Each structure stands twice: as structure tokens, then as C-alpha cells.
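K.L.:
With the hints as extra help, turn the sequences into a complete structure.
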Amino acid sequence: MPVWPTIERFISEHGSAVLVTLAEAQGSSPREVGARMVVRPDGAFSGTIGGGALEWIALAEAQAMLARAENFRRLDKALGPDLGQCCGGRVRLTLERFDPRDRASVAALAEAERAGRFMTVASIEEGSRLVRHLAVPGEVKTPGDAAYTKQRDGRIIERFGEDLTQLYLFGAGHVGRALVLALAPLPFAVTWVDPRPGAFPAHIPGNVTCVGETEPVQILARAPEGALIAIMTHSHALDLDVAAAALESRRFGYVGLIGSETKRARFVRTMGKLGLAKSDIDRLVCPIGLQQIHDKAPAAIAASITVQLLIVREHGTLALAAHDHGPRQGTSKHHG
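Read left to right, the sequence shown gives residues 237 to 572 (the working numbering).
A hint or two may mislead.
For lysine-lysine, the following DSS-like pairs were computed, each having C-alpha atoms within a straight-line distance of at most 30 angstroms [claimed, not checked]:
no.	residue 1	residue 2
1	532	499
2	313	386
3	514	499
4	499	509
Hints were generated in silico from the structure; no laboratory data involved.
Bear in mind the structure is a predicted one, so any value in this text is a computation, not a measurement.
P.N.:
The structure is reproduced here in C-alpha cells:
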């Protein structure tokens with residue numbers, strides 16, 4: 237969820253908003269520290285702190301704050317004794333209200349978030365919201381990519397903006413369209429490639445950029461190091477060209493190709509004749525997606541591919557592919 241653009245929009249459209257942040261967690265909790273949601277005066281919200289009774293109570297508290305024009309609250313809840321949730325941990329939430337008086341500061345943070353990942357440094361006083369400023373290089377050090385860290389000196393270090401994984405998707409057929417929809421709410425920046433006129437639908441998710449160039453293989457040269465490649469075009473010859481070029485470059489974290497085990501075997505033989513090294517060819521994930529799912533519907537195949545992409549995103553380069561390119565019955569009928 238884009239945090240500050242959402243707050244900016246809620247203020248503009250609804251007059252105010254409350255930012256709920258999971259600030260501390262001990263033991264098991266439904267979400268990680270730094271999870272956030274933004275609440276409107278009518279009770280609608282964006283984002284999540286984990287659902288269940290905890291989120292329900294946080295929503296009620298946020299609406300009460302909005303009704304009373306109250307700026308700040310803390311909630312400290314033991315998930316088992318207080319809420320009847322079986323997580324067994326304890327969480328602390330901060331709730332901050334924003335209204336038109338905050339337009340300038342919210343707009344600055346929204347602009348920073350639209351530009352990419354950024355970090356803020358904040359102080360907090362009893363009964364008031366966090367006072368944030370954009371971190372300057374070298375100002376603070378935080379472990380890893382923690383979204384919310386409380387320093388020993390009392391300052392709060394927060395990270396905002398999504399860390400998007402670059403995915404180059406070749407093919408805008410049935411499966412390609414289903415995959416784009418499946419990836420729409422997930423942390424992927426999709427470059428969608430298809431040279432056919434009119435191939436793309438009228439409505440495109442916000443995380444997708446359409447490219448209709450007539451030489452799709454050349455687009456690989458513009459893809460960043462470590463990008464993920466998914467191939468499901470209308471043409472076996474084009475599939476082969478894109479897959480061979482992607483594997484030969486040795487720059488990508490995942491190269492997945494839609495098709496059957498027979499198609500894989502044919503491509504492997506052809507790539508060998510083209511001079512590709514066996515170690516490069518072995519990195520081809522074909523059939524694409526999880527082999528445990530046999531449903532042939534485009535939406536089901538897209539869901540399977542999405543899960544595989546999420547696993548690769550989380551565990552790193554080809555952590556999954558070496559163990560999961562077994563046959564999926566019937567996928568040879570789907571060519572993107």
C-alpha cells in the first residue's frame with residue numbers, strides 16, 4: 237500500500253485520515269512491525285495490520301479519533317487475553333490523525349514515496365503525533381530493511397515505499413492477461429511486451445508498463461540485472477528467441493517459459509545446437525509455475541505462476557526453479 241499518497245488522497249476526498257502503525261510486537265503477531273493501514277472517516281480503509289479482532293479494534297479507535305478530532309493514540313494489546321486471538325503475542329499500535337492543516341507535510345512525503353523508497357526520522361512526544369523529516373545520507377543506520385525501528389535515543393526510523401521486483405512479461409494472451417491481474421496488488425513492476433497491434437487490454441493495472449516494439453528480444457538489453465523473465469507469447473519461435481537470449485545473458489534471476497515437458501525438451505535440444513551452455517539451459521523453468529497445480533484455466537495457471545514468482549522474490553535467484561520445473565498437464569495448449 238502506498239502510505240502517504242493514500243493519506244493525501246483521503247484528506248482531499250474525505251477531510252481527514254488516521255494512520256495506524258504496528259509499532260512493536262513481542263512473540264507471535266499477525267503482521268510484522270511496520271505494517272500499516274490508513275482509515276477514512278466513513279470506516280473504509282487501505283492496507284492491513286493483520287485482520288481479526290486487533291484490526292477491528294484499531295478501526296474503531298481510528299473512527300473515534302476522527303470523530304473527536306483527536307491527534308494521537310497508543311494501543312497496547314495482548315492478543316490472547318485481551319482479544320481472544322491465538323497468536324499469543326503482544327502488540328503496540330500508534331494511531332495518528334491527519335487533516336487539511338497537514339497538507340504540505342503529507343504532500344512532501346507523498347511525493348517522496350511516489351519517487352521510490354525513502355526513510356524518515358521522527359521524534360514522538362506524549363499525546364502528539366510523530367514529527368517526521370526525510371533522512372539525509374548517513375544520518376541513521378538501521379538493520380536490514382526494517383519498516384519501523386525505535387532507536388535507543390528514542391527516535392523512530394521508518395521506511396516507506398515499495399521495494400518492487402522487476403518482471404518482464406512477454407505475451408499478452410489469455411494467460412498473460414490473467415497474470416497481469418494476479419500481480420496487480422503485489423510488489424512487482426511489470427514490463428509487458430507484445431509486438432501485436434491491439435494486443436493489450438484497454439485497462440492496465442498501475443504497476444504495468446506496456447511495450448509494443450516489434451523486436452521483443454531487444455528489450456531484454458534494457459532489463460535491469462536480476463529482473464525476472466516470464467515468457468508466454470503467441471509464437472513458439474519468439475518464445476525460443478526470448479528464452480535463449482535471456483538465458484545466454486546470465487543476468488536474470490528467473491527465466492520461466494509456458495509449455496509442456498515436450499516443449500521444454502524440444503527447446504533444450506535447439507538451444508544446445510545454438511551453442512548455449514548446459515548450465516545456462518538448465519536454468520530454464522519450463523513448464524512455468526507450480527507443478528502441483530494441474531488446472532488448465534488461465535486464471536489458475538496465472539495463480540500458480542504468481543506463487544512461484546513470490547517464492548523466487550522472497551528466497552532469491554533461482555531458489556525455487558531447480559526443484560520445480562516438472563510437468564504440468566495440458567499447459568502446452570496455452571501460449572500466453
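K.L.:
Run every hint past the structure and note whether it holds.
P.N.:
Hint by hint, here is what the structure shows:
1. 532 / 499: 16 angstroms, holds
2. 313 / 386: 19 angstroms, holds
3. 514 / 499: 17 angstroms, holds
4. 499 / 509: 16 angstroms, holds
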